[in-house]
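Knowing the structure of chain X, use the given hints to seat chain Z on it.
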Amino acid sequence: METLMTILVGFLVMIAVYLLLSRNLIRVILGTAVLSHAAHLLLMTMGGLKKGSAPLLGENAESYTDALPQALILTAIVISFAVTAFLLVLAYRTYKKTGTDNLQELRGFEDE
Amino acid sequence: MNNIIAMPMIIPLLTGIILVFLRHYTKTQRVLSILSSIATVAVSLVILYQIQQEGILRLDFGGWIPPYGILFVADSFSMLLVVTTSIVTGILLIYAFSSIGQQFEHMFFYPFVFFLVAGVNGSFLTGDLFNLFVCFEVMLLSSYVLITMGGRKVQLIESIKYVTINVLSSWFFLMGIAYLYGTIGTLNMAHLSVRIAEVGQGPLLTVISLIFLIVFSLKAGLLLYFWLPGSYSAPPTVIAALFGALLTKVGMYALFRVFTLIFYHEPIITHTAIGVMAILTMIGGSVGALAYNDIRKIVSYNVVIAVGFILAGLAISSEIAFQGAIFYLIHDMIVKALLFLLAGTMIYLTGKTKIEEMSGLIRNYPALGWLFFITMLSLAGIPPLSGFIGKVFIGQGAIESGSFALLIVAFASGISVLYSLLRIFLNCFWGETIINEDDDVPLKKGMLVPCILFAIMTVAIGIGVEGLAPYVSDAARTLMNPEIYIEAVLQGNR
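Protein chains in written order, with the working numbering: chain X, 1 to 112; chain Z, 1 to 494.
With the rest of the complex left out, here is chain Z:
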């Protein structure tokens, strides 16, 4: 048994529960939360290393052999995302220390961040569909609390939409699970894959797969992203960054898992649908990113564009495209967190949200300006930074499989990302400064350091691609060949 696999979910969960009882002790909460993040990162790295040594690991709860019991499965794809999640949360917590304020810290901010992480890590690790639903709900309930925390009018109004949409998508999810259990009679993902391969994916199963496509698209913001820009721009900076970095990624992970492992027999219907939706998402996201002049809206629409771009990799569905998508997922989690933090910091410093109302920030805050410049280049995919390799691989995959429409839209969306961020850069950082030295708000170290850490990570991933490549290619190989996953779950006697 590999009890270590459960740790990335158990550690945040226990930390969250302990922190609930320590709500008035701010210092203790901070120390404990940082220690717990470090522990989660360490454990996840150990698991990632073990997978390279021993193959895919699994943990059957209570000793029930699959397909009967509940199980956790850790392969390279899920563990790469778990590692990134843990690191991103750790760094975001440092930002929270100096920005979130006493009121939030006393109102269970840290516990709910950890419950959210537990839900996210659980969704990455689980091996059956129903527990995916449960972990989704753990994550969503924490996100409901985080989005309303503080209780500003905008937050309350936006969160009503957010909660209602998610309840509706949970209903679709349950409906999909019900139909799947009724037709196939199992919910274990590996077992589902085997049985569907046996009976063939007929029209009925394809319809069920489309239900899952709708569910996960709602969560990932693929085409059905209308709820996203509003709700991601309402909460405080750290929480928005946490959402932008983590929440949509879980939906994308589920899409990858379901459409590479279970419903991969009818790519002409399902994968074409994903491709078309990805194209529309990129176009819609680009339009949104260029149309608004509210920084928070521009940044939120950038999340949407990235969703379309990553799922273009799923639509192409070749090993090289999967590699690109995984690289881009990891890159996107880090850089989106950084982008949200920078946007939030700019709003904190100036008190304005519109880009025309800011000017010349780079004179007062040179470090912030350069960080924004790096982020912009990284998101646009300029070579030494982390976005480059993902774009190259997805592009290569698109050329090899001849999906030129996806290729053109994907790279055009890159240009609109660059342009939308360049607009922020030109308006806010260049030009005459409008802040005179008397009411110059000091930039706190606690806000700058996490941004620098993220910037270092994006550079490090860009330069150290060689070190990451074996893990990513292993993950892509598992996605491309579902037999590896199935064998590890159903036949191994570990």
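Extracted from the complex, chain X is given alone in its bound form:
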């Protein structure tokens, strides 16, 4: 299972890098979103995908799943959503202001 997840993470990073390298602003933003989710999956995988009961003491199970990676990912997902939302608004405002979403054309602005 870990191997499968690692391959998935690598695949997501590949897609993210492809999107990040494109000229279109929206694609870059999508790339950053995919990249952060690849990081979340990696966090989950590296914590170990243990098969066990929910980490509650009342369960009386033999083994418990490690709760820490899930807590970390929950926090990281919230942050990545906030950043993605901010980036989308930023891209929209930039488009309104400059009239282009092509990163090549956004280069070399001196001052207004």
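A few of these clues could be false.
Lysine-lysine pairs mimicking DSBU-like chemistry, simulated, CA-CA at most 35 Å apart [stated by the list, open to error]:
#1 Lys354/Z - Lys297/Z
#2 Lys153/Z - Lys96/X
#3 Lys354/Z - Lys51/X
#4 Lys153/Z - Lys97/X
The hints are simulated quantities; they were obtained by calculation from the structure and are not laboratory data.
Just so it is clear, the structure is predicted and the values come from calculations on it, not from any experiment.
Structure of chain Z alone, referenced to chain X:
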């Protein structure tokens, strides 16, 4: 329990939340923000004093004993930076009152400044890596908002680069955390240090440490500073000053923490890498500072040079060099804020940004000219001012450990700092005045007073080094001997 430790983060956070609801009441916002800054400074000073009395303090949230819970740790190093952060923010707020304008004040300027400070203070205080990430993000999100505030075209374009680079570095950070948790199985910094000392820092852990080096270098502007000059010259003066004074320092703090507490076993790889990067940073920063004739760019590249200089102290890695680096960090936060304010004020007064377009400002604004002169001397490290002692200690450390390349580049970079600022001074303040008396823009008191306060602080630190020295030497001792930190976190039963 020492609940007081959480205060430097909680007070700005609560103030920020309250100020969100008061957006239309400008006066109330100003009064509240000043009161809150004073409270933060007072609380931080109390904590700094307590650390000298009782040793390193810690706060386990929810009573979870480390290494299981989330915790805040306050040692002299982090508290010195928290105190400086709080003071610098307070003084910058005074400048903001007279310069930022109604539009910004109604668009949540003060709340986001406080969220930024909460993030910065949180990063200094936290005791585990994941909360360092969270506090970094709190700080970065506020900085994204502040950098785009106003929505000028340049700001929007520069902030796209800034945000994208930071998302990428956050990805690296998460990746580092994931690998570290996978190999070591803990994220508490003291516990990490113990476990790595037990198993030895093998090649795998060294690679992970290099991931952290990349992450924090991106945040601190060590070698990977390409995003810095553009984004620091785009926003309004106060915000640029806040960034120049605080943001890179957090990255540097993280580098110091990680490479003195956790990954200190392979200095030949990691610390050499930091040394080489510091040298390249100083050279690159010097080239940039000398190449541009836009005041904002020159000032931004000065931030880069300082980053290289301070991290030279980390690369040398001896107690005296750490002392120098800490002195220089404190000095740099104050003087960089002052430098950004002065540059911004000059641009406000003349409406120009290029140094050739200004001339003879000292005739119209003598106080501003002298303040700039003091700043220049302080940054160059002339004795009675605050930059001197840091340079001496880092130099001494470099000589003792025989790292002469670092020594030469560090002091040569000092000369280029002096030259780049001298260029501004000669072009803008000397010579024939080009402003006739009719369109002489008055220099507001509210802009001059904060600059004078900063100037007084740099002189006071320079003269009163004796008073600061015990705190700094305690901080350097803790950095040099990680056992002190580990013992305080893992064994104390406070």
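Here is how each hint holds up against the structure:
no. : hint                : verdict
1   : Lys354/Z - Lys297/Z : holds, 10 Å
2   : Lys153/Z - Lys96/X  : holds, 10 Å
3   : Lys354/Z - Lys51/X  : violated, 64 Å
4   : Lys153/Z - Lys97/X  : holds, 7 Å
Hint check: a violation occurs at hint 3 only; the rest are consistent with the structure.
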